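Peer 1: Sequence:
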Amino acid sequence: MRARTRAVCGDDRRRYFVPARRTRARTRTRTRPHAQLRIVHQAAHTARTPRVALHFLACVHADVCVCVCVCSLLPPAARLAAACRLEMESTKSLPAYEMKRLDALLELQKKHAEEHAAFVVERKALELKYIEKYNGLAAKRAAILSGAEDPAADVEGAAEHKGVEGFWLQAMQNMRILSSVIEKDDEPVLKALQDVSLEYLDDFAGFRIVFKFAPNDYFEDETLTKTIHIEHMMGSDVVGQEPSVEKLEGCDIHWKADKNLTVKTEKVTTRKKGKKVTTVKEVPQESFFR
5 MRARTRAVCG DDRRRYFVPA RRTRARTRTR TRPHAQLRIV HQAAHTARTP
55 RVALHFLACV HADVCVCVCV CSLLPPAARL AAACRLEMES TKSLPAYEMK
105 RLDALLELQK KHAEEHAAFV VERKALELKY IEKYNGLAAK RAAILSGAED
155 PAADVEGAAE HKGVEGFWLQ AMQNMRILSS VIEKDDEPVL KALQDVSLEY
205 LDDFAGFRIV FKFAPNDYFE DETLTKTIHI EHMMGSDVVG QEPSVEKLEG
255 CDIHWKADKN LTVKTEKVTT RKKGKKVTTV KEVPQESFFR
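Take 5 as the starting number for the sequence shown in this note's numbering and just add one per residue.
Don't read these hints as lab results, they were simulated from the structure.
So the derived label-pair ranges between C-beta atoms look like this:
hint	residue 1	residue 2	range
1	ARG180	LYS144	23 to 33 angstroms
2	MET179	CYS255	19 to 29 angstroms
3	GLU169	GLY254	22 to 32 angstroms
In silico lysine-lysine, BS3-like type, Cα no more than 27 angstroms apart, as pairs:
hint	residue 1	residue 2
4	LYS263	LYS188
5	LYS188	LYS285
6	LYS268	LYS230
7	LYS115	LYS128
8	LYS230	LYS251
9	LYS285	LYS260
10	LYS260	LYS216
11	LYS263	LYS195
12	LYS137	LYS166
13	LYS216	LYS230
14	LYS144	LYS230
15	LYS230	LYS137
16	LYS104	LYS114
17	LYS128	LYS144
18	LYS133	LYS216
19	LYS285	LYS271
20	LYS188	LYS271
21	LYS230	LYS260
22	LYS260	LYS188
23	LYS216	LYS195
24	LYS166	LYS144
25	LYS133	LYS144
26	LYS195	LYS166
27	LYS263	LYS230
28	LYS114	LYS128
29	LYS230	LYS188
30	LYS268	LYS280
31	LYS285	LYS263
32	LYS133	LYS230
33	LYS216	LYS166
34	LYS216	LYS188
35	LYS137	LYS216
36	LYS263	LYS216
37	LYS230	LYS128
38	LYS251	LYS216
Just so it is clear, the structure is predicted and the values come from calculations on it, not from any experiment. Backbone N, C-alpha and C fix where the C-beta goes; we use that ideal spot for every residue, glycine too.
Produce the complete structure using the sequences and hints provided.
Peer 2: Below, the structure is given as structure tokens:
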């Protein structure tokens, strides 16, 4: 029997690391006149939260409106279209000194974007440097938890009690976001959880959580994984673009006979041609592994 594993948390007990459901971007423009100055906000909306897509500083001089783009979070095609619209705006009536100031501001913005792109590159390199250190510490932790390494070897009674039993179950139950999704039936198999590790995807396009289990009475698998694909996880070279979950990938759990924690059996009685017919069917059951 096989079931797709889906870790869960928070308000939705059937999902964990749930991405925002993406819809076609929409734009909405709102103007607030204030004397001869107005700020125009165009926001690209998703299903969860609005995200500022483009800010224009609009200066109104009689019939002339000059728009200066100060920050763009739109995709390349939209940015190109916005740039074309800006080029078409009339600037002939502006004094030369104002145009020169605007050009200087634009150059500063370009330099800021270049510095930000360099920051993202250095941040990734720094993360890679410390990943090796973190992994070394995690390996030592796993060795102590499994009993392969024992800092208490010289303590009386240590030889009869190896490792730290139920460490990860207790650790997750101590976290409010996880404790609410661990059911009573999940506890026996989570006691067999030996290690939890994290692996970054290539170019920090997301990460993979690896759950390593000791042999248990519930499933055949030694490891279960959950992969989360995140766009701009370490930041984007475009100022203001935030990380966003793009896709989630689980793994199949190879449950042993009658040990699937994600379903339960129920007897259902129906009438057929005036007679009662009782059938047994599987229905979903809340579980950390669902």
